[in-house]
Amino acid sequence: MYTRDVYTLCIVALMSISHTLLGLLESGPRHGYDLKRAFDEKFGHDRPLHYGQVYSTMSRLLKNGLVEVEAIEAGDGPERKRYAITDAGVTDVERWLATPQKPEEYLQSALYTKVVLALLTHRNAGDILDVQRSEHLRSMRILTDRKRNGDLADQLICDHALFHLEADLRWLELTAARLDRLREAVTR
Amino acid sequence: MTTPPTGSLLTAQDLRKTYGHTHALDGAGFAIHPGEVVAIMGPSGSGKSTLLHCLAGILPPDSGSIMYNGREMTSMSDGERSALRRSEFGFVFQFGQLVPELTCVENVALPLRLNGTSRKEAERAALGWMERLEVDDLKGKRPGEVSGGQGQRVAVARALVTGPRVLFADEPTGALDSFNGERVMDLFTDAARSTNAAVVLVTHEARVASYSDREIVVRDGRSRDMERAI
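Residue numbers (this note's numbering), protein chains in the order written: chain A, 1 to 188; chain B, 1001 to 1230.
Treat the hints with care, since some could be wrong.
[Said to hold, decoys possible] Some chain A residues close to chain B (C-beta under 8 Å, calculated; not the full set):
(1) Asp130
(2) Ser134
(3) Leu137
(4) Arg141
(5) Thr144
(6) Leu162
(7) Glu166
(8) Leu169
(9) Glu173
(10) Ala177
(11) Leu179
[Unchecked claim] Residues of chain A placed beyond 10 Å of chain B at every Cβ, according to the derived structure:
(12) Ile17
(13) Glu94
(14) Leu152
Derived from the structure by calculation, the hints contain no laboratory data. Glycine included, every Cβ here is placed at the ideal spot set by N, Cα and C.
Given these sequences and hints, build the entire structure.
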């Protein structure tokens, strides 16, 4: 189910945080705090990055030579490092952007398994599909509402989720229409 | 047979309608409150449009009860049902609702003109609704000169102009692409909610149904209220 939080989490999890931070550095050197703020503003929405994630990612990128410390500023608190992207980092971002994402094929569907098991055990598989449709629609209502009240970034993020949920629903309808045939096939 | 929830504006119980040997409705029920948007969903041929036509008093069921605002619709005369449709209900369909010879503002004003409102007063009210639906700049154009999405918004303005308490929409975005369809749904549901009208929305599209508050699923002529099913 895609609720507001879960979906944003999915998007963040699906994208590579290290490549995103690296890409943000391409427009100019930044402190870790500025990087976190830029990330949260553009991509984090309701799920901001933890500082720890930023600093652990930066130390990994440093070790791999994709960023360098351009300056260290002493202050009242701990010293602040300003990170800059290296040429190798730019090449890495370039390669990442140019590589297509692997399409998710959803071949292991829990819902398919439930439907088949319901048919095998002589339960009402149509009910399972109806209840699932309702759950999907509940999520779609939340996303539609957010989209209507949100900015363009919200609209695009919600549309992405809505199209995926809609694809699930098309599968639900098609399966509902084929339940009799599926019952014959699985109970043969 | 379940008892409809209290406070409902329009309810139906145990509706049956047969065409030849086909049971279009086979014990369907329905309930809607003022200000609620309810989607009727289901596969093609499931009986969802028949249910809408019965609820709207366009088609008499073979048996069953339809109560509107405390009155039994199935025992009304044709004339009483027509009067109810004109004064209390509004309609938005997928195609061909606008009169091609009239301008858009004349189309929107038409239901008021038929109820005896003066031309000036009817067109003033029509223009108000056209502004709400963001089509007031089309007032002098004829339906053939506007896009599908614009025409549908004009049709929505016309459905709202009499201040109906129930709006019936049968696949209102079925002929539109998703961008224009969503624009129509945005404006339509906003306008309906602002007047506390109930909306009965037949659709097979989940994205359109996501503008509703809840959905009823019709399958083989039987309805299932998903809110009460979970």
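Verification of the supplied hints:
Below 8 Å, beta-carbon pairs count as interface contacts, and Asp130(A) has one with chain B at about 6 Å; its hint therefore holds. The restraint placing Ser134(A) at the interface with chain B holds, with a minimum CB-CB distance near 4 Å, inside the 8 Å limit. Of the supplied interface hints, the one on Leu137(A) holds, with its beta-carbon coming within about 6 Å of a beta-carbon of chain B, less than 8 Å. Given the 8 Å rule on beta carbons, the hint for Arg141(A) holds: about 5 Å separates it from the nearest Cβ of chain B.
Interface hint status for Thr144(A): upheld, as the beta-carbon distance to the closest one in chain B is roughly 4 Å, under 8 Å. Of the supplied interface hints, the one on Leu162(A) holds, with its beta-carbon coming within about 6 Å of a beta-carbon of chain B, less than 8 Å. With a least beta-carbon distance of about 5 Å to chain B, the hint placing Glu166(A) at the interface is held under the 8 Å criterion. A distance limit of 8 Å between C-beta atoms decides the matter here; for Leu169(A) the minimum to chain B is near 4 Å, and the interface restraint holds.
A hinted interface residue such as Glu173(A) counts as satisfied when its beta carbon comes closer than 8 Å to some beta carbon of chain B; here the least separation is about 6 Å, so the hint holds. A distance limit of 8 Å between C-beta atoms decides the matter here; for Ala177(A) the minimum to chain B is near 6 Å, and the interface restraint holds. Taken as an interface hint, Leu179(A) does not check out: its beta carbon lies about 11 Å from the nearest beta carbon of chain B, beyond 8 Å. Against chain B, the non-interface label of Ile17(A) holds: every CB pair exceeds 10 Å, the least being about 30 Å.
The beta carbon of Glu94(A) sits about 33 Å from the closest Cβ of chain B, which is more than 10 Å, so the claim that it is off the interface holds. The claim that Leu152(A) lies off the interface holds: its Cβ sits roughly 13 Å from the closest Cβ of chain B, which is beyond the 10 Å cut-off.
The structure fails to meet hint 11 from the earlier list, while all remaining hints are met.
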